[in-house]
Amino acid sequence: MIQLSELHFSSDDGIKVLEDVHLHVDRGEMVLVVGPAASGKSILLGLLGTQVPPQLGQILVHGRNVARLSRAKLSDLRRQIGFLPQNFVPLPKTVLENVAFKLRALGDFREQAEEKALAALELVDLTSRLTVPATELEPLDRVRLGLAVAICNEPLLLLLDEPFDALATGDQQAVCRLLEQIHLLGHTMVVATRGPLPGEVRESRIVRLSDGKVME
Amino acid sequence: MSTFLYVFGDLVGTVNRRSAGLLLGVIGLLFASLALFGSLFLLGAPPAAPSPTPTVPSGEILVEPSPSLSSSALDAMYLEIRDRSDVATITYRLPEELGSEQGAFLVRPATPGAARALVVALSAIPGVARVESPTGSASRSGPLSLSGGVKIGLLVGLVVCLVASLIIGRLAFRRILAAFAGEIRVMRLSGTEERTILPPIIALGVLCGILAGILLVVAITVLHYVATTQPGALLHAASGLVATGRVLGVSIGGFFLGVLLGGLIGALGASLTQSRDYQGYA
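Each protein sequence line maps, in turn, to chains A and B.
Quick note on numbering: this note's numbering labels position 184 of the first sequence as 184, and the sequence is numbered without any gaps.
Quick note on numbering: this note's numbering labels position 33 of the second sequence as 1033, and the sequence is numbered without any gaps.
In short, the hints are calculated from the structure, not lab data.
Each hint should be verified, as a subset may be incorrect.
[Unchecked claim] Beta-carbon label-pair distances, calculated as ranges:
| # | chain 1 | residue 1 | chain 2 | residue 2 | range |
| --- | --- | --- | --- | --- | --- |
| 1 | B | V1218 | A | A166 | 39 to 45 Å |
| 2 | A | Q3 | B | R1018 | 46 to 52 Å |
| 3 | B | A1179 | A | D125 | 26 to 32 Å |
| 4 | B | V1160 | A | K213 | 14 to 20 Å |
| 5 | B | R1276 | A | P36 | 22 to 28 Å |
| 6 | A | Q112 | B | A1020 | 28 to 34 Å |
| 7 | B | L1024 | A | H24 | 55 to 61 Å |
| 8 | B | F1004 | A | T127 | 50 to 56 Å |
| 9 | B | R1276 | A | M1 | 25 to 31 Å |
| 10 | B | R1018 | A | N65 | 43 to 49 Å |
| 11 | B | A1267 | A | Q173 | 20 to 26 Å |
| 12 | A | H24 | B | R1018 | 48 to 54 Å |
| 13 | A | P53 | B | G1245 | 29 to 35 Å |
[Claimed, not checked] A few chain A residues that face chain B, going by a derived Cβ cut-off under 10 Å, partial list only:
| # | residue |
| --- | --- |
| 14 | R79 |
| 15 | A150 |
| 16 | N153 |
| 17 | L156 |
| 18 | R177 |
If you're wondering where the values come from, they're calculated on a predicted model, not measured in any experiment.
Just so it is clear, CB atoms sit at the ideal spot from N, CA and C, and this is done for glycine as well.
Using the sequences provided together with the hints, build the complete structure.
Here is the structure:
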């Protein structure tokens, strides 16, 4: 599913962010990338999600070399990747419209988009708040909404950047249960977190990222 | 509803009072640019003839039809001129009477004051080759006489309005896109192609151009109507307004120029989305 080889990445001012990273993630696997702030987790997810252009090394996602893909093929690949960015900020629309917007922009008709959006919101247990303005949601519900947006078009790969950030312990555990649920549906998941790890996801494969290097 | 219309509708939905004001400013400036462009072709008095024909009797206007006109077209032209309210009499003179190679109509205006306007109006009739009067003549296809100073003034005004519309347009799009940045980021993050994201932004600029173009066509049509129905001082300053072909050409040309300029402003707006603020994973 994902194969990283000899991956290097430096910031604009020349600071090494990732150094000789090797990583393999199998289909259906759930991997937690754990590391302190500014350890390169978000860049790693950005590279996997084809949002950050690679500099040196090889990135294979679904068997495709990201560096060699045309713009159109990158868009195709992105459609198969669900992304929850760090500090997810919902659009100033209702909860249902937030999810449906992505599907409409990807070409779904209204009925089809709403049907898929409802299914995704049901999975994250947000169906009771469909018409609520998303900007008024509590932090936990924001994460739920972000997950619904990420999974609504049934991607093969889910990349979640700090989904536990700024959540109370109880809420973190609720998100963990949700991730387990989504993982059971067969999604391959890479979750970046700075820790400490909530108990429920300790069973997953953990990859530690420190000073730009991966340690399993 | 297509994806384009959906995204376009969403984009328009983010327009607030302030950005709407800026868009109205863009439409106004585009209209001003188009109006100045049109003025270059419509303003000015009919050019003076280099050597007026001495055979035209005082107070009458000589209308020389095209030699290729059929006799029925000549009859139709005669009736058209005769039925005008500002025409008192019309007579046909043979070539021998005029001492020239072809015949012509001699038209007497209803009032002496209407003579100049009538010269311009008659020159606009299809099939008329030349119109002359003792006070001056108008050629159908000749350029209008516009002084060099006025032309330069119009051109400077045109450039100023164009630059101002680009600047205000950029400001307007910066504001609108700031409110639409979340949607753009979601689209880019989820793999929506650029050909879905950018065209609605360009279309908003084109819409401004279309509105400015429509305003221009309406303004020219109204002025053309006024010039042809109530000839007066207006015709001395803007004699091109009575030439239907010229009015049509300037209207169509101005409209498409408006669409083009609007598209250019939209494209400038779309280029703003290439900055880091609009990337899916900044």
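Q.
Holds or violated: the 50 to 56 Å window for the beta-carbon distance between B:F1004 and A:T127?
A. 30 Å, violated
Q. Regarding A:Q112 and B:A1020, is the given constraint of 28 to 34 Å on their beta-carbon distance met?
A. 33 Å, holds
Q: Please test the hint of 20 to 26 Å on the beta carbon pair from B:A1267 and A:Q173.
A: 50 Å, violated
**Q.** Pairwise beta carbon distance, B:A1179 to A:D125, judged against the given window 26 to 32 Å
**A.** Check passed, 30 Å falls within 26 to 32 Å.
Q) Between B:V1160 and A:K213, is the Cβ distance one that fits in 14 to 20 Å? A) Violated - the Cβ-Cβ distance for B:V1160 and A:K213, about 59 Å, lies outside 14 to 20 Å.
**Q.** Cβ distance range 43 to 49 Å for B:R1018 and A:N65, holds or violated
**A.** Holds: the Cβ-Cβ distance is about 46 Å, inside 43 to 49 Å.
Q: For the range 25 to 31 Å, tell me whether the beta carbons of B:R1276 and A:M1 fit it or not.
A: Since the Cβ atoms of B:R1276 and A:M1 sit about 29 Å apart, the hinted range of 25 to 31 Å holds.
Q. Holds or violated: is the Cβ of A:L156 closer than 10 Å to a Cβ in chain B?
A. 12 Å, violated
Q.
Verify the CB-CB distance for A:H24 and B:R1018 against the hinted window 48 to 54 Å.
A. Once the Cβ atoms are compared, 52 Å apart, the range 48 to 54 Å for B:R1018 and A:H24 holds.
Q) Regarding the hint that A:A150 lies at the interface with chain B, is the smallest CB-CB distance below 10 Å? A) 9 Å, holds
Q. Was the hint right that A:R79 lines chain B, CB cutoff 10 Å?
A. Hint holds; A:R79 Cβ to chain B Cβ min 4 Å, cut 10 Å.
**Q.** Cβ distance range 55 to 61 Å for B:L1024 and A:H24, holds or violated
**A.** 57 Å, holds
Hint check: violations occur at hints 1, 4, 8, 11, 13, 17, 18; the rest are consistent with the structure.
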